[in-house]
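Novice: Please model the complete structure; the sequences and the hints are all you need to start from.
Chains as they are written, first to last, in the working numbering: chain A, 371 to 848; chain B, 3 to 645; chain C, -2 to 99.
Honestly, the hints are just simulated from the structure, not real lab data. Each hint can be trusted.
With a cut-off of at most 16 Å between alpha-carbon atoms, the simulated EDC-like pairs for lysine to aspartate or glutamate come out as follows: (1) A:K726 / B:E115; (2) A:K726 / B:E118; (3) B:K374 / B:E446; (4) A:K726 / A:D805; (5) B:K368 / B:D307; (6) B:K374 / B:E453; (7) A:K726 / B:E117; (8) B:K374 / B:E449; (9) A:K726 / B:D116; (10) A:K726 / B:D164; (11) B:K77 / B:D201.
As the structure is a prediction and not an experimental result, all values here were calculated from the model.
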Amino acid sequence: MLTNLLIFLPLIGALVVWAAPLSRGETAALAVLVALSEVAIWVVALVGFDFGSASLQDSAQREWFGDLGVTYHVGFYGFSLWLAGLTVVLGAAAIGFGAWVGRDRARAYFGLMLFLIGAVVGVFASQDLLVFYVFFEAMLIPIYVLVGVWGGPNRITATVTFVIYTMVGSLLMLASIVVFGLSQGTFSLIDSGTSGNEWVFLGFMIAFAVKAPLLPFHGWLRTAYTEAPPEVAALLSGVVSKAAVFGLVWIVLPHFPGPVDSWRTVVLVLAAAGLVYGSLLAFRQPDIRGVVAYSSMGQMSLIVLGIFAANDLGLDGAILHSVSHGLVSAAMFLLAGMLIHRTGTDRFADLGGLAKGRPALATVVMVVGMLTLAVPGSANFAGEFAILAGVFTQGWGYAAVGAVAIVLAAMYTLRLISAVLHRARGEAVREESRDLRLLELALVVPLVAILLALSVWPTAISGHSPGLPTQGSSEATP
Amino acid sequence: MIAGAWLCLLAPLAGALLITLAGTHLSRAAAGWISTLSVFVGFAGALVAFLQVAGESADERSHTSTAYTWLAAGKFQVAMQILVDPVSLTMMLIITGVGGLIVWYSMGYMKGEDEERRYFAYMALFVFSMLMLVMGGNLLLLLVGWGLVGLASYLLIGFYHDRPEAIAAAKKAFLMNAIGDAAMALGFFLLIAKTGSLDFSTAFDAASSGQLSPNTANLVALGLLGGAVAKSAQLPLHTWLPDAMEGPTPVSALIHAATMVTAGVYLIVRTHAIFEAAPNVQHLSAIIGGVTIVVAGLIALVQWDIKRVIAYSTMSQIGYMFLAAGIGAYGYAMFHLLTHAFFKALLFLAAGVIIHHLAGEQDVRKMGGLRKVMPYTHAVFLVGALALAGIPPLSGFWSKDGIIASALAEGGVLGYTLLVLGLLGGFLTGAYTFRLYYLVFHGEPSELVLEHAGGHMHEAERAHGHGEHAHGEGPLSMLAPVGVLAVLAAIGGLIVIPGLWEPFLTWIDGVAEPLVTASVTQDYATSAAAVALAGIGIWLARWAFVAGRELVPASALRTVFEHKFYFDEIYDALFSRPAQLVANRLRDDVEVPVVQRSLGEIGTGVKEAAGGTARLQSGLLRSYALVIAGSVFVLMVVFVAVR
Amino acid sequence: MLGPSTTWYVAVAGVLFGIGTTGVILRRSPLIVLLSLEIMLNASNLALVGFSRHFASVDGQIFAISVMAVAAAEVCVGLGLIVAFTRRNMALDVDTLTELRG
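Specialist: Written as structure tokens, this is what we have:
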């Protein structure tokens, strides 16, 4: 019941927003209200969740195409509940940001945002391959429109690239789903057994590699993240990329143990290369969103390292890092949006000196930056540490690459911080450019607060993710 | 006792949070007081814990208190726990005691500075982080503290954030430390893979019982050493420390002299079991220390910035501690750490008084003759300088000579080499310290000094009312902490008098049993040699000053010293440039042309294919119908034929 | 079985279908094209009913009724379009109505 509510409340909200003749202000208010009630519902689900049990909870099931073995089946495991929580929280922040900026064509905009949130929650809740596919596609449609209509000057290029990449991935995945489902006689993710078919495995892998993105499949990343409106970019990097995490963890790992083992090295090498590649490119980007985009690529590669580490340590770390990376990159994109709102740009060359006389802005940017570079003690550090400690058992080289990436992350984040906050005042920065105001703080500070709380107690996620497929086969024996 | 320890840890954190959250609702003075008091509350907590632990018998002095599980992933678990034992208590007392004095001093030094609140929040944050480092009850929490002090150091070095040099220095410090952190983390990953845990007891038991293979022990120890070398600014990861002097002077005193930079020594003492399982690595740390003593001492001879001279001196002194820890004289390593905290903080703070008095001037060439203008500062600086040079009975003498004697006791090629390096270092210390002393305090007052001597008279008259210490040299909140430190620097060494009275060594030995112990004869022999050499150094500095000459005459050698042995240039060429080049190449030759342009080509290809297909859609209904009918016909024929 | 054999039904249906197809392909007036389409649908209806009778099953008749319903709906839309064209004074010639050309 809760799960259905969590999925369909925003979808219904979207329909209402589209259909009802509300003014811009009312639309925004309604959307914010729906987004906040999502958070509330999720909190209720969290409170009632039994983390001691590794079974599906809050589930709802309904016959769909009975003959094909397709059922509408949704529910949450521990780890997917965290991903859904990430979605609703970031969704609320993004919608709040949209309301604050006052996006034009408000009804279409807020409807699409709500639709997106509902679809992503659906992805994380789905327990049937076809349901997963439907939500996965439903999630992409609003993104196309949101980027294509409300994006920056090159939004059309960005949208077309994004569409091509995701379409190719989705179609391969659809083919894989059909083959896998028919061969298993069921599309249920819980009941279906394992498969050794490498082609089917690759179909899934490529779809998720595009979404994450992993190294050779990241061509859409830069334009999509920088041309999208900041709050949409926040959702893209914070939440939508985590659909790949869910897919890898809940479809690929448990159902393709053979191919996973034989392709493990390839995936690990690609992920390690992507980690360094993304971090190096992030170091040379001329604007905030470019840095965060490539840093996201690096961090997602790191998460994939954890998922393919073949032990619980890496996997738990990957879930923790998914949540903390989602929060931190979304916060960074929202901050970039706020800076653009003030100065009209997020290019480093035109910014600088914003710390002087703007204590709130300086503090928030600094804290978020430090979380981005995973300063020891932060939730991001805990996730990174667990992932690298986990992947160490697969070869010390991966951990060494990860260690290099720690240094690179420090390099690009410090560059970002000092280019924005420090040194002399940039051209685009006017004396009267204001400090963050209460409304803006209300959007970013909750994200930061959650991250700080997780930093105090990262076990909240890493130790409370029951239901993950066991990866004990090659775990180091103490 | 445990409550006292937790109070010690959390009070500064509470202070930092309070100042941050209160923002502009708090007056600047209030922020300073909150910061100072929170650190002193921490000191009180540490003192309570110390008194209780000191009352216990020697083998029951280690206490662990666990709050909750900080990180649990898979079977790996790390608790949020603190360890209270003689070593961590010593560090806690230094950090909160000296730290409290320095924060108090800052209230005078930073008065009127823009963004003063931010400064005090950072200071409290630093003290918390440093306490976390030394109190952390397992290796991961140690790493957390390790990283957080790096963060605090970054924030404070870059405090004057509109100065590009300050920001560059801050970034450099953070990066160097990140390299160290990464090395340490790698060592920890290996340890997790082998033992499944990062608890002190598990790791040390595995190391001392021989459960770790020599290879593993070596690698883990190397990782730890990498972290220690970066944090303690030892060769070859030392280049950030001199640049870090861009930060405010109290920061240099607290972070880059008294506490953070000595964390590497703490680390080696704390994890001595692992280092003892990897004797080669342990000896490597001694050699690194020995070489750093001399190299830093040589560079210090030619520096003109008052703070940089003291910074190189810090590197050199930490070299002694590494030397001691590397040959297993843990008690003396900690002892030198303690006395160094006193006299080096004193020197920095005294330098701060001078800089404050001269409105920010740090170049010693523009100083001179300050003895008459600032007699109080002159007196305390002289105490600090003598303690640093190791002149008895001041504190530096007792600790440094213990280390040199331990090197002699170690014997062998290693021991004698270290002995020579240590003695040479003693000579250099005397020379560079007193070169600085004479340049600043003696001779005729320079123009700058005269100019500022008048400007402060009004303030001086006011200050007279507050006590005999204030002579118009600065506010009382600056002079009082300096006075306290001067007393400590003078008598702080009297807790170890070889052969007679060694409570401090017994205190530390309970945690880290020393590998070498010098006999009393060796002690006095090396003392005599060291004091003689330091005396020669001092005499040489005086002679050079009176003769108006440089200690190191202009030559190729001097150029090398002035360029700090070209470390910055080498790193720039070896790492910084290649990294930028690779990144640029990746962007210009791979990402943009291959990934992003191929994207355009995919787009064009799809468009063309679509265009071709589109031409079939003529829109002529009847031709569609014809095609359909024709196809049906063909299908029928095929169907019939196939049948 | 009374009446002509099933073959005749199918033959008539085939002829009707051919006439309808020819009409769709050759005629240019949308009205006549629609009429021809109706003829094709009726041809298939006839075949369905014929087979239904042949196999003594009602399935074919049910299909035929469905087809009629669809045909009625389709004619409504088609005629509506034609009326709309006429209102706008557009030429009633399917060869000029190529708005959907790719």
